[in-house]
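Peer 1: Generate the whole structure from the sequences, applying the supplied hints.
For the sequence shown, the numbering used here begins at 660 and goes up steadily by one.
To be clear, the hints were calculated from the coordinates, so they are not data collected in a lab.
Hints may be right or wrong, so weigh each one.
Claimed, not checked - Taking lysine-lysine and the BS3-like style, the derived pairs with C-alpha atoms no more than 27 Å apart in a straight line are:
#1 LYS839 to LYS864
#2 LYS864 to LYS729
#3 LYS794 to LYS816
#4 LYS816 to LYS864
#5 LYS726 to LYS864
#6 LYS805 to LYS794
#7 LYS816 to LYS856
#8 LYS816 to LYS805
#9 LYS839 to LYS816
#10 LYS856 to LYS794
#11 LYS729 to LYS816
#12 LYS726 to LYS794
#13 LYS856 to LYS689
#14 LYS689 to LYS729
#15 LYS839 to LYS689
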Amino acid sequence: MSRPVVFLGPSLSLDEAREILDADYRPPVKRGDLTQLGDVDVVGIIDGVFLQNCSVGHREIIALMAKDVKVVGGGSMGALRASELSQFGMIGVGRIFEEYSSGRIEGDDEVALVFDPENYEALSEPMVNIRFLVKSAVRDGVIALKEGEEVLTEFRKIYYPRRTISAFLSIISSLLSSEKSERFNSYFAVNYRDFKKEDAITVLKSL
Numbered sequence: 660m661s662r663p664v665v666f667l668g669p670s671l672s673l674d675e676a677r678e679i680l681d682a683d684y685r686p687p688v689k690r691g692d693l694t695q696l697g698d699v700d701v702v703g704i705i706d707g708v709f710l711q712n713c714s715v716g717h718r719e720i721i722a723l724m725a726k727d728v729k730v731v732g733g734g735s736m737g738a739l740r741a742s743e744l745s746q747f748g749m750i751g752v753g754r755i756f757e758e759y760s761s762g763r764i765e766g767d768d769e770v771a772l773v774f775d776p777e778n779y780e781a782l783s784e785p786m787v788n789i790r791f792l793v794k795s796a797v798r799d800g801v802i803a804l805k806e807g808e809e810v811l812t813e814f815r816k817i818y819y820p821r822r823t824i825s826a827f828l829s830i831i832s833s834l835l836s837s838e839k840s841e842r843f844n845s846y847f848a849v850n851y852r853d854f855k856k857e858d859a860i861t862v863l864k865s866l
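Peer 2: Given below as structure tokens:
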């Protein structure tokens, strides 16, 4: 059996990925990449391009699965495509996939970010990480539901390349009282999680 092919970018560093799985790691998937694969048994889709190039098409993935190739997605573009193609046999894993599948989140911009083309380091913050953090803060009584909704509304108004932790904390400071803002900042320092990274690891462990 050939090594799995994994399309990976900013969700997880290559060094960390290689410690988990011996695979043929490729840059974030774009349209046409899957049709150029040779003999392969398993493909993992984590990261993919959005606006920079044409994103990977549904038909490409379906055509690959028609050749009895196991395709697993999660984390970013993989989670989005898996939620759209699970009925055709694409396997989705992770929290973000579950949120897309349930309809609780929609839209490419939930997972979209900009990254350094040289080392794939993330340069902005995905909406989905902030969404899950705010929901957690509401659940734990750090902020009220209405406050959480207002924070998310304001953060989503920002064009995705400009969504950063700094921009998010500025919104917190502007919308909440100084006492609540300080409490939230303390909560953030302890409870922030990178769900795209966590789900990327889940993809690798499922291959």
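Peer 1: Against the structure, test the hints numbered earlier, and report the numbers of the ones violated in rising order.
Peer 2: 1, 4, 11, 12 and 15
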